[in-house]
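Using the sequences plus the hints, can you model the full thing?
These protein sequences, in sequence, are chains A and B. Using the numbering used here, you'd call the opening residue of the first sequence number 4 and step up by one each time. Using the numbering used here, you'd call the opening residue of the second sequence number 633 and step up by one each time.
Mixed in with the good hints, there may be bad ones.
As the list claims (entries may be wrong) - Far from chain A by the CB rule (all over 10 Å, computed), these chain B residues:
(1) L647
(2) E657
(3) D667
(4) A668
(5) E691
Claimed, not checked - Coverage of chain B stretches by chain A, computed from C-beta distances (three or more under 8 Å per stretch; other residues unrestricted):
(6) 674-680
(7) 699-710
Keep in mind the hints are simulated off the structure, nothing from the lab. Yeah, the Cβ is synthetic: ideal placement off N, Cα and C, and Gly gets one too.
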Amino acid sequence: MNQHVTDEALARVLQPVAKANGLPNRHYTDPHWFDLEARKLFFEQWAGIGFAKDVPENGDAKPIDFLGQPLVMIRGRDGTLRVFQNICRHRGMILIEKPGRIRGAIRCPYHSWCYDLDGALKATPHVGGPGHNTHEAVDRDTLGLIEVASHVWRDIVFVNLSGTAAPFEQVNAKALERWKEFDQPLHHAGPGSGFALEVASNWKLAVENYCESYHLPWVHPGLNSYSRLEDHYNIEEPGAFSGQGTTVYRQLQGDAGETFEDAAGLGSKWETAAEYIALYPNVLLGVHRDHSFAILLEPAGQQRTVEHVEIYYHAESALQSDMADLRAKNTALWKVVFEEDIFVVEGMQRGRSALHFDGGRFSPAMDGPTHMFHRWVATQLAS
Amino acid sequence: MAAPSVFDTLDATILAAHGAGDGAELAYAYGAAADAHAARGAIDVACFFYTQAYIFALEAGLPQAERYAAVLRQNGRL
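Listed below in structure tokens is the structure:
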């Protein structure tokens with residue numbers, strides 16, 4: 004990249020991996036940079052905010068606070084999931100406080116302006132005086148809920164709050180292409196197939212750790228016992244995503260040797276392969292022949308992140324009651340893995356208070372995916 | 633002491649429904665109050681109550697929302 008960057012620290016990040024430094028401490032501890040990153044790395048990108056499974060039926064709504072932005076996901080009468088700013092166009096009142104089913108219209112609790120599920124403003128009671136429900140100055144056709152650009156991929160709800168990003172399919176074309184074989188229905192088994200981990204860490208450290216396999220033998224010795232470091236490869240797609248893959252994925256088995264059914268029509272590569280990518284900025288994904296998972300990183304503060312983990316199965320047969328024990332075992336297995344990472348991301352966060360830390364250096368052989376993420380961050384911030 | 637009027641009864645019903653957050657009951661009670669006011673020719677007051685009834689019926693997805701809307705439209709209020 005030949006981009007001219009005047010910020011010296013960012014310029015060092017943009018060096019080739021062998022010479023680069025990581026992002027400096029300010030990106031993990033300075034509120035000014037947190038605010039800037041909220042705008043440049045989240046609002047101007049396609050960021051994950053939730054899961055479509057959380058609004059399964061028409062009329063379901065779920066409010067979400069995302070980096071201070073009040074949003075609400077609503078599944079309309081036509082089955083389309085839309086995301087709106089969760090505010091009334093009248094006085095900016097929050098409309099929906101908790102998840103639930105909307106049976107008729109969304110009524111603002113303040114002056115009762117009412118909206119349809121597609122955002123259209125349906126009623127403005129007493130707006131022209133008591134018992135008069137229209138006023139020439141209040142044009143309902145122009146005062147619907149403010150919709151935010153959204154897209155659902157692999158059940159994750161992505162939004163581009165600024166409305167300035169290219170379409171999701173264009174921005175993430177290479178990820179969609181890479182995993183097109185997995186572009187088939189996902190089946191979620193309910194609360195037992197998800198969990199959340201709260202970590203005292205900046206969200207970027209979770210991405211950095213997820214991207215690379217370098218730490219596996221040290222932090223996840225259980226995984227390394229059958230999936231060795233040398234069985235892994237780096238995945239690097241500049242400006243879009245990075246991560247790691249393994250060539251020796253082995254299916255989980257139950258006590259009777261049962262396994263989850265595979266996704267339909269997969270190529271032979273996936274008999275033993277699994278891949279894990281960080282889709283910038285905040286969605287961590289994993290695919291295997293028989294199940295997938297998604298980790299949505301909620302940046303709850305500069306030094307606090309909630310990791311929302313959801314596991315999906317590729318075949319509906321995995322949801323059968325006789326597979327409950329195996330599903331529970333699978334959830335427990337991943338929970339152990341992700342919990343093993345907590346001390347790392349929290350330790351790196353505390354390390355970011357060290358006055359003389361320069362952002363660190365990368366192993367050119369092992370840290371390419373992590374450096375690629377730092378490059379993406381630096382590029383967005385320098386633009 | 634005079635016996636409670638229909639409006640006193642409806643006031644109590646409306647307050648109780650507000651307290652319970654019962655939208656369907658609110659739509660019904662406001663609608664009944666509106667009809668009672670309309671019956672005595674108090675159209676302005678009736679339209680206030682029809683508006684209340686309409687909004688709660690709309691929120692709850694009740695079919696009578698259309699009846700209340702129709703009355704409001706007939707009176708140039710919607």
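To see whether the hints hold, each was checked on the structure:
The non-interface label for L647 of chain B is consistent with chain A: the shortest C-beta to C-beta separation is roughly 17 Å, beyond 10 Å. Distance to chain A confirms E657 of chain B as a non-interface residue, since its nearest Cβ pair spans about 14 Å, more than 10 Å. Even its closest Cβ contact with chain A, about 14 Å, leaves D667 of chain B beyond 10 Å, as expected for a residue assigned away from the interface. In this structure A668 of chain B is separated from chain A by more than 10 Å, as the shortest Cβ-Cβ distance comes to about 15 Å.
Not every Cβ of chain A is farther than 10 Å from the Cβ of E691 of chain B; the closest lies at roughly 4 Å, contradicting the non-interface assignment. Coverage of the segment 674-680 of chain B by chain A holds in this model, with 5 residues showing a Cβ closer than 8 Å to a Cβ of that chain against a need of three. With a cut-off of 8 Å between beta carbons, the segment 699-710 of chain B has 3 residues touching chain A; three or more are needed, and the interface restraint holds.
Violation of the numbered hints given earlier is confined to hint 5; every other hint is satisfied by the structure.
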